[in-house]
Amino acid sequence: MKYSISFEKLLELFPTSKVEGSTEQTKFCGISALERATSGDISFLGNAKYKKLVPTSNASVILLPHSYTGTPSHNQIYLKIDDPSVGLACLCKFLEKEFAPSPPAEIHSTAWIDPTAKVGERVSIGAFSFIGKNATVGNNSKIGTHCHVGDYSVVGESCQLYPSVKLLTHCYIGSRVTLNAGVVVGSEGYGFDTVDGVHEKIPHLGKVVIEDDVEIGANTCLDRARFEETRIGKGTKIDNLVQIGHNVRIGNGCLIVAQVGIAGSVKFEDEVVVGGQAGFAGHLTVGKGAKIAGQAGITKNVTPGAFLKGNPALPFKLSQRISILQKRLPELFNRFDAIESND
Amino acid sequence: MKYSISFEKLLELFPTSKVEGSTEQTKFCGISALERATSGDISFLGNAKYKKLVPTSNASVILLPHSYTGTPSHNQIYLKIDDPSVGLACLCKFLEKEFAPSPPAEIHSTAWIDPTAKVGERVSIGAFSFIGKNATVGNNSKIGTHCHVGDYSVVGESCQLYPSVKLLTHCYIGSRVTLNAGVVVGSEGYGFDTVDGVHEKIPHLGKVVIEDDVEIGANTCLDRARFEETRIGKGTKIDNLVQIGHNVRIGNGCLIVAQVGIAGSVKFEDEVVVGGQAGFAGHLTVGKGAKIAGQAGITKNVTPGAFLKGNPALPFKLSQRISILQKRLPELFNRFDAIESND
Amino acid sequence: MKYSISFEKLLELFPTSKVEGSTEQTKFCGISALERATSGDISFLGNAKYKKLVPTSNASVILLPHSYTGTPSHNQIYLKIDDPSVGLACLCKFLEKEFAPSPPAEIHSTAWIDPTAKVGERVSIGAFSFIGKNATVGNNSKIGTHCHVGDYSVVGESCQLYPSVKLLTHCYIGSRVTLNAGVVVGSEGYGFDTVDGVHEKIPHLGKVVIEDDVEIGANTCLDRARFEETRIGKGTKIDNLVQIGHNVRIGNGCLIVAQVGIAGSVKFEDEVVVGGQAGFAGHLTVGKGAKIAGQAGITKNVTPGAFLKGNPALPFKLSQRISILQKRLPELFNRFDAIESND
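Residue numbers (this note's numbering), protein chains in the order written: chain A, 66 to 408; chain B, 66 to 408; chain C, 66 to 408.
Bear in mind the hints are in silico, worked out from the structure with no lab data behind them. Since this is a predicted model, take the numbers as computed values, not measurements. From the three backbone atoms N, C-alpha and C, an ideal C-beta is built for every residue, glycine too.
Distance windows between CB atoms, simulated:
| no. | chain 1 | residue 1 | chain 2 | residue 2 | range |
| --- | --- | --- | --- | --- | --- |
| 1 | A | Thr103 | C | Asn204 | 32 to 38 Å |
| 2 | C | Pro166 | A | Glu100 | 44 to 50 Å |
| 3 | A | Asp402 | B | Ser406 | 14 to 20 Å |
| 4 | C | Lys117 | A | Gln385 | 45 to 51 Å |
| 5 | C | Ala165 | B | Ile172 | 28 to 34 Å |
| 6 | B | Thr350 | C | Ala165 | 28 to 34 Å |
Chain A stretches covered by chain C per the calculated footprint, using a threshold of three residues with CB under 8 Å from any CB of chain C:
| no. | stretch |
| --- | --- |
| 7 | 145-158 |
| 8 | 235-246 |
| 9 | 297-309 |
So that you can see chain A by itself, here it is in the shape it has in the complex:
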């Protein structure tokens, strides 16, 4: 994507910003990290740990927090704003809208749409996509190539399904939902009863419900419920390669990072945050606002607001203290041997 933005436009986007320094550049054509930016680029300080890179950056404009102290280089502007990360996102949204506008809605000639399906206004359906019997696609939604919207499934308004998303039958997607490439919604749950040594399959007759404003990462899988429903609450964001088991209920505004595994019938209350590769045993409840560190193994209910780490999971500070003491185990054993030999 090629783009350029004038200094006047930048000031329009950040009307309350404070300007320091000056530059001969009138247009900026790139956004780059502090250490890789060159003349003509905009850069930003999004994370305090990179503060030492600001003085040597060659960016023409640097978005900085008001608290930053220092002087711009020759031919460089400091643009001080409340939150450079939010500012950058705002700038990116402007550029995306201006320079990468969505193509006009189009239903590709190779797509297969069942005559009983209901397709709204201004809908795009990509090449080789399949819309099943009695399925619904709401206004302004974009279905990529090679997607499958199963019989009786519903996609709300203004959704984006990237290539190869698979919604099996009876999956209900709200509005403004983004499903990245390869997402599977409504796979059979993993449930077997072992009778006389043979694993007999339990049929999964339930559905999957994804509420408004949810985003789900590439190749993530959500199993359908045994009966009832698997549900993802409003505004929850799920990363790539996550496993959501059957009958799981995730609350609103949760953040679930890549490769997390959530076994069947787990319940998350609202605003739970889970680091990458953490795992949850079945049938647990995780309280509102709990934070779970990456790679943690959760086998018991979690109280609201708890911050857990490790497997078995412990309160974050205790876990860190134990990690430090573990490193001292060789020393402890030595001291211990010394005491015993003294006796």
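Once you've looked at the hints, dock chains B and C against the given chain A.
For chains B and C alone, kept in the frame of chain A given last:
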């Protein structure tokens, strides 16, 4: 899926059940968890930990084990059976057969079937699916949309391939096998020889064999063998997002939960059970009936019947005892300092 | 794949080999592990741990290192070479070329190629594949079935994309790159700013660059950069189900085993080796030639050449020593109680 079932039909399904209480309802139209069930629903006690929810449940019928003691509410029936989980599965199977019968077999007009492929009787092939040269699909099998059955591959009888299953060349699938959406069978194994600092690829000329009655979860990957075969034994059930490396041999009746990783040339004997996110280093043997806890890291052979946990993996009870003692490390260091200062 | 190779041909492939023993077999039709090989098969000793299987192997030819001491059975040849693993790879490459030659290049009649796309010479494009606007596919590249090459994306020369690979827009793939089935390149990065409790999406306008000679395993995901690029260096090999976050930069010649997760903006220098299921927190640098054990959790920068294990990650030897001492914690607590009661 909408359905209803009469009380008479329920008694037919559970001829040896014991009935307590009575209800005015004559038809039941939902299956729900104890705490969410309303009048007209059937519920069940599948896990003893939910016992306290039975007295307050509004379900019209509750499937309970014979050992349950208590009295049904007004307008409520207790149906006591040997195993409520098995009972529920049996009920679900009946409902599925009765109310969600399979559509008639159909080969979609957009599917591509090579003229040299052999397709059996009553086979369904979904939209945009590809059946390669000399491939075989057995009687009564159902191939979903966007599937790829590679050259020389064989799908047995009464299999179900959900959308976007990819069987590359020379993959041999038995009968009554279920492959969920996005499963990849026969990807290149990860094998490189590093010669003069360059990672040279080892060609993978082997095949993949999946025996009868296997089920595999969404987006799981099975690599083809270097030579010989990668094999999954009869009746084994594998969950979503699992990695099966090249030359792996899994025995019969194993259970492998989501996101497990099994490196190349590992051998599982029969009836091994593995919890989610566990990992196995290459070239190991895991003995018959061994149990591996979730997130365990296995780097040595496992004896038959062992139950291991943690990384490095230890016998379950020892691992739990050590976890408890680790929590007491801060106390131990304090007591230790006290003794030393006493001396 | 059926094949046979004569003893003369074997000697041609290994001109500096040393022959011991003799066999009546003149053609060899299989390659098998030592314990499963039968008469007519070639086998090999690739890993010293299998040495004890050599004397009882029924293989007609066994590739062995010069250091192996022992005598071939009746009707059996020992072929001693420098490195039997490399030798086997060389043999496999010969067989692949001779007996499984690539079919002639073909663009399938069902493929959709945008009129503005540039497709080179001798390119194969599989059934139901989609090549977008202004996309490029270089000479001799093979695109499997159900692939998506997005608008403005570039695939170099002699690449292989297996079925259902998804390259979204602005993805740049070098030459001789292999992407296994279901790989997603260019998914939206996981980046949200939480403003007034709502997770606002940060648009991802950057690209993905994959350099020459890279191989990527099935269902692995690579997110596009927020701005700038996500980059995989020359000759790096990535296994199945790996997560590569936005703005990640992987150096040359790295090896990344299955189910590894790498969070946003991590930088790997060259020749880093990572075991399966390891995880990396965001914004870290991993130094040249560092080795990370499977399931390790990396939350700090890693110095070049380091070898780390565990979570929190420690130097390999220290981590192993602590694991051994942890097993002795029950004993330590007992000894401690004894001392205290003595006082």
